[in-house]
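Student: Those sequence lines, one after another, are chains A and B. Numbering-wise (numbering that gives the first Met the number 0), the first sequence opens with residue 0 and increments by one. Numbering-wise (numbering that gives the first Met the number 0), the second sequence opens with residue 0 and increments by one.
Note that these hints are calculated values from the structure, not bench results. Heads up, some of the hints might be wrong.
One copy or any two copies: either way a pair holds, since identical chains are not told apart in the list.
Unchecked claim - Calculated cross-link-like contacts (lysine to aspartate or glutamate; reagent style EDC-like; alpha-carbon spacing at most 16 Å):
{"id": "1", "residue 1": "Lys88", "residue 2": "Glu110"}
{"id": "2", "residue 1": "Lys73", "residue 2": "Asp191"}
{"id": "3", "residue 1": "Lys212", "residue 2": "Glu225"}
{"id": "4", "residue 1": "Lys206", "residue 2": "Asp13"}
{"id": "5", "residue 1": "Lys85", "residue 2": "Asp214"}
{"id": "6", "residue 1": "Lys73", "residue 2": "Glu110"}
{"id": "7", "residue 1": "Lys5", "residue 2": "Glu75"}
{"id": "8", "residue 1": "Lys209", "residue 2": "Glu72"}
{"id": "9", "residue 1": "Lys46", "residue 2": "Asp192"}
Number of protein chains: 2
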Amino acid sequence: MNAEQKKILIVEDDFNFGNILKDYLILNDYFVVLAKNGIEGMEKFQKENFDLCILDVMMPFKDGFTLGKEIREKNETIPLFFLSAKTLKEDVLRGFKIGADDYLTKPFDSEVLLAKIKAILNRKNFFNVPESDVYEFEIGKFKFNSKLRFLTYGGEESVKLSPKENQLLRLLVLHVNDLLPRELALNKIWRDDSYFTSRSMDVYIAKLRKYLKTDAKVEILNIHGEGFRLVVGQ
Amino acid sequence: MNAEQKKILIVEDDFNFGNILKDYLILNDYFVVLAKNGIEGMEKFQKENFDLCILDVMMPFKDGFTLGKEIREKNETIPLFFLSAKTLKEDVLRGFKIGADDYLTKPFDSEVLLAKIKAILNRKNFFNVPESDVYEFEIGKFKFNSKLRFLTYGGEESVKLSPKENQLLRLLVLHVNDLLPRELALNKIWRDDSYFTSRSMDVYIAKLRKYLKTDAKVEILNIHGEGFRLVVGQ
DNA sequence: TTCATAGCTTAATGTATTGTTAATAAAGTT
DNA sequence: AACTTTATTAACAATACATTAAGCTATGAA
Numbered sequence: 000m001n002a003e004q005k006k007i008l009i010v011e012d013d014f015n016f017g018n019i020l021k022d023y024l025i026l027n028d029y030f031v032v033l034a035k036n037g038i039e040g041m042e043k044f045q046k047e048n049f050d051l052c053i054l055d056v057m058m059p060f061k062d063g064f065t066l067g068k069e070i071r072e073k074n075e076t077i078p079l080f081f082l083s084a085k086t087l088k089e090d091v092l093r094g095f096k097i098g099a100d101d102y103l104t105k106p107f108d109s110e111v112l113l114a115k116i117k118a119i120l121n122r123k124n125f126f127n128v129p130e131s132d133v134y135e136f137e138i139g140k141f142k143f144n145s146k147l148r149f150l151t152y153g154g155e156e157s158v159k160l161s162p163k164e165n166q167l168l169r170l171l172v173l174h175v176n177d178l179l180p181r182e183l184a185l186n187k188i189w190r191d192d193s194y195f196t197s198r199s200m201d202v203y204i205a206k207l208r209k210y211l212k213t214d215a216k217v218e219i220l221n222i223h224g225e226g227f228r229l230v231v232g233q
Numbered sequence: 000m001n002a003e004q005k006k007i008l009i010v011e012d013d014f015n016f017g018n019i020l021k022d023y024l025i026l027n028d029y030f031v032v033l034a035k036n037g038i039e040g041m042e043k044f045q046k047e048n049f050d051l052c053i054l055d056v057m058m059p060f061k062d063g064f065t066l067g068k069e070i071r072e073k074n075e076t077i078p079l080f081f082l083s084a085k086t087l088k089e090d091v092l093r094g095f096k097i098g099a100d101d102y103l104t105k106p107f108d109s110e111v112l113l114a115k116i117k118a119i120l121n122r123k124n125f126f127n128v129p130e131s132d133v134y135e136f137e138i139g140k141f142k143f144n145s146k147l148r149f150l151t152y153g154g155e156e157s158v159k160l161s162p163k164e165n166q167l168l169r170l171l172v173l174h175v176n177d178l179l180p181r182e183l184a185l186n187k188i189w190r191d192d193s194y195f196t197s198r199s200m201d202v203y204i205a206k207l208r209k210y211l212k213t214d215a216k217v218e219i220l221n222i223h224g225e226g227f228r229l230v231v232g233q
């Protein structure tokens, strides 16, 4: 996949239908992961960052509603589409109650689905952060390598960063002098924005501040209620 | 209205249908404004902050698509629902292209509409997104950044602004040297103009005056019974 | 398998920020 | 003068954040 492509997770137990849908979306330049059931769907959801989930409702082991609910608990913002042959009002209502962005009844028009996907993914929101392949950064007098996970000050005295420290610092650097919204970091790194992950993030901010305090010109500022901001003085 | 209610703008030329819809939503605890056509719809949209717009597609003078487009230009994130008797695929696609969040064909089930409204308004998606791309301003010798919520004087000595201070100053700046009607600020920021919110606004005016007094050429004047005016001397 | 440990989460505690309301004074209007 | 509107400061409660420490858990070495 290339960095600009949006990632879509499809969870669909009907092998044929799932693959047709997958191919159609790939043809339209999305990066698609297909899971065969709810269990697998949750696993794949946890493993990487998706921009959208399309869930079939009727599936063995774990149905789409249950899966959708679990995903919604982990991530309050990711768009969810339900697919179903059931056109019962109760089901539709249930879908929206879980926090669906749309409920499509089979058969549906693929062009309309595509339009809906586009509309929701092109919407301007701060979760649309382009991926980047860059992994070497300068932060004041520090050098930060996010691939090898270390931080050096003036060419020596290297600090090893843990995976989470590393990811957080990386996100901060990618937004230098600008706002890194709290929710963005939680969604990207923790894949879950609950009270506790938010506390956890605070702990990591404290750790990073400790590492960075050797250079007085480098600071992590808080913007109350919004997020953090890595400032590098000239 | 009370400040917790979500505000919905309905634009619908069919008087009966519009009123039924309005009453139904009011019954479900929304604050609703009904406009009879596209022109009036745009006027009302400009006056206060809505959380959602429901637009009928076929209307005289200005159709729903045109209005939707204009609203989208002003506000990239507000949820838009289109209502139409036309079920033509081309129309649906056109709606989504404009940036619709949903396209409902009449007749539709009111419970389903309600579920969709709830789902989209309870979503934590869009609240934090800056309303506009312009967020850097000069006020005399001050620099004001409404995205990062700070105010600097002569390049240093930065004052952090709280969300409310920030919104108020932003509105004042957007009306520099001109009247910012009290009512407008209350509707936009407090979403409610009662006695208490008005007192609250006075408190914020006092705070801003304190921040701005370093530059004698910058003043917030009161226009008795009308509102405030941010004056910047040459 | 057991053990040590790095890495992460949760708890505990303290501090800061924010927005509303109150209290009181001052200014403007009629 | 009587009334309304605005000014300013302060008290308060509700959140949000900061920091340190303690408690888990998965991983890999022995």
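Student: Against the structure, test the hints numbered earlier, and report the numbers of the ones violated in rising order.
Tutor: 3, 4, 5, 6, 7, 8
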